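Engineer: Chain residues, written in single-letter form:
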Amino acid sequence: MKKFVLGFIVAILILLIGCLAYFALGFSHTRADTKPSALEISILQSAVRASVRRAAASVPNSLPANDDDLVAGGKLYVAGCQGCHGDLGGPYHEDRDLFPPTPQLPHVGTQYAEPELYWIVKHGIRMTGMSAYGPFYSEKQLWSLAAFLRRINNLPPGMLEKIRPKKTG
Amino acid sequence: MKKFAAGFFAGAMVLVIGTFGYLRLGLLDVRSDAPLPDMMARLLYAGIHASVRRTAPKAQNPLPRTDETLIAGGKLYLNNCVGCHGEPGKPPSDFGATFYPPAPQFPREGTKYSEAEVFWIAKHGIRRTGMGAQGPYYSDLQLWSLATFVGRLPNLPPNVLEGIQQHPAK
Chain A
7 MKKFVLGFIV AILILLIGCL AYFALGFSHT RADTKPSALE ISILQSAVRA
57 SVRRAAASVP NSLPANDDDL VAGGKLYVAG CQGCHGDLGG PYHEDRDLFP
107 PTPQLPHVGT QYAEPELYWI VKHGIRMTGM SAYGPFYSEK QLWSLAAFLR
157 RINNLPPGML EKIRPKKTG
Chain B
1391 MKKFAAGFFA GAMVLVIGTF GYLRLGLLDV RSDAPLPDMM ARLLYAGIHA
1441 SVRRTAPKAQ NPLPRTDETL IAGGKLYLNN CVGCHGEPGK PPSDFGATFY
1491 PPAPQFPREG TKYSEAEVFW IAKHGIRRTG MGAQGPYYSD LQLWSLATFV
1541 GRLPNLPPNV LEGIQQHPAK
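Protein chains in written order, with this note's numbering: chain A, 7 to 175; chain B, 1391 to 1560.
Next comes chain B alone, as it looks inside the complex:
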């Protein structure tokens, strides 16, 4: 038993010291312009999804599910999110692809997050990614309209898409 404990202790030390040594020696690759390995991507996205599901309150969207809500959210999206997340009806964002992990392209991929979760992410951001918290800049209602809109991508009603593009907000 004593030997087992000594081995256990040694194993733990080797792992911890090894990790710190690896970091300290600069062996961790930090460049963003390298492909994210599939295995890493799966772990990363699963971890973020699980954390958001655990943290985001199960809030009810206070806005009516109307075209007006979608158009209001769509205008916010067009003004502030397309740079990284891509514009509906356009090719994916080159800029979003230069982040590590890359910015998801909602107009093509949609999202597996619920509206309440999208609201929470937009408000608080996702750490260790390029997703900044938008809470300091937008009201909750604005963020809810944005969440409603993102939740409907990539299947927008045609009149909503027109409504957004006809009156681009300044």
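Looking at chain A on its own, in the form it has when it is part of the complex:
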């Protein structure tokens, strides 16, 4: 039994020290202009998803958004989000500069619910390019943005034109 415990402790120490040494000696990769592996994406995405679900569980459900809210949210998206998350109504461009790459929301949509989207925009996702927008937007703006994001790849007809009036001339 003593030897079992000793082995147990040695294994944990070796793994922890090994991890620290790996990072401290600079063996981890830093450059952002490559793609994460499918395995890494699936591990991290599920961790973020589970954490957001847990954290946003206490966020009250928003009132149902009307068309005006969606248009307001869409305008916020165009002004503040599309630089990284993809042009509304534009062609698909792969994100070439951030790691993990920014989801191109107008094309892929989102699996998050509105209170979760509200939470993400407000608090950000650490160790990604997603910063916290709580200091810059009002509660109402955050909720209208969340309502818009929820429907971003499935907008009601005519909505796109209301958000981005076609330039004349």
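By construction, these hints were calculated from the structure, which means they are not laboratory data. Note that the structure is predicted; figures quoted are calculated from it, not measured.
Simulated restraints on C-beta separations:
1) B:Pro1481 with A:Ser43: 38 to 44 Å
2) B:Leu1433 with A:Gly115: 33 to 39 Å
3) A:Gly96 with B:Tyr1412: 34 to 40 Å
Capping the alpha-carbon separation at 30 Å, the derived lysine-lysine pairs in DSSO-like fashion look like this:
4) B:Lys1392 with A:Lys9
5) A:Lys81 with A:Lys168
6) B:Lys1448 with B:Lys1513
7) B:Lys1480 with B:Lys1513
8) A:Lys8 with B:Lys1393
9) A:Lys146 with A:Lys81
10) A:Lys41 with B:Lys1502
11) B:Lys1448 with B:Lys1502
12) A:Lys41 with B:Lys1513
13) B:Lys1502 with B:Lys1480
14) B:Lys1393 with A:Lys9
15) B:Lys1513 with B:Lys1502
16) A:Lys8 with B:Lys1392
17) B:Lys1448 with A:Lys41
18) A:Lys168 with A:Lys146
Ideal placement from N, C-alpha and C gives every residue a C-beta, glycine not left out.
Here the structure of chain A is known, so what remains is to put chain B in place on it, guided by the hints.
Structural biologist: Using the frame of chain A, we list chain B on its own:
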């Protein structure tokens, strides 16, 4: 010996399964708007620094170390970097502070990275931070001028600061 091996195996399994379980159950806090603990910051920055030092080629800056180079780099900086990294002579960037880890404020802190390393970081970005790769958008020479400029922050020659602010590039 057999018992030691069994204990070793069990310890390794507990750590690996524990880590995955922790992640899967959503126990990892993911919000950006929380302070980065000192200990974490030190580990993180040391790891990034060591990795960049190991990876970035020891290239020689091809540009002359003149005021013109600094001004060219400064204009790029003013156009594209100040949003997160802060503007010389202004308060730190509120936006840069909302990232996790937060964007370093070069006009106040300067940088401990060499010019060749700053060039490499600007070109390739730093993964798992808000620092995107700028290589697809700028030429190498532009990035070298930027690296020269960032390397001189926070101690810019006064005429360089004027040169940048007098002719803001469009």
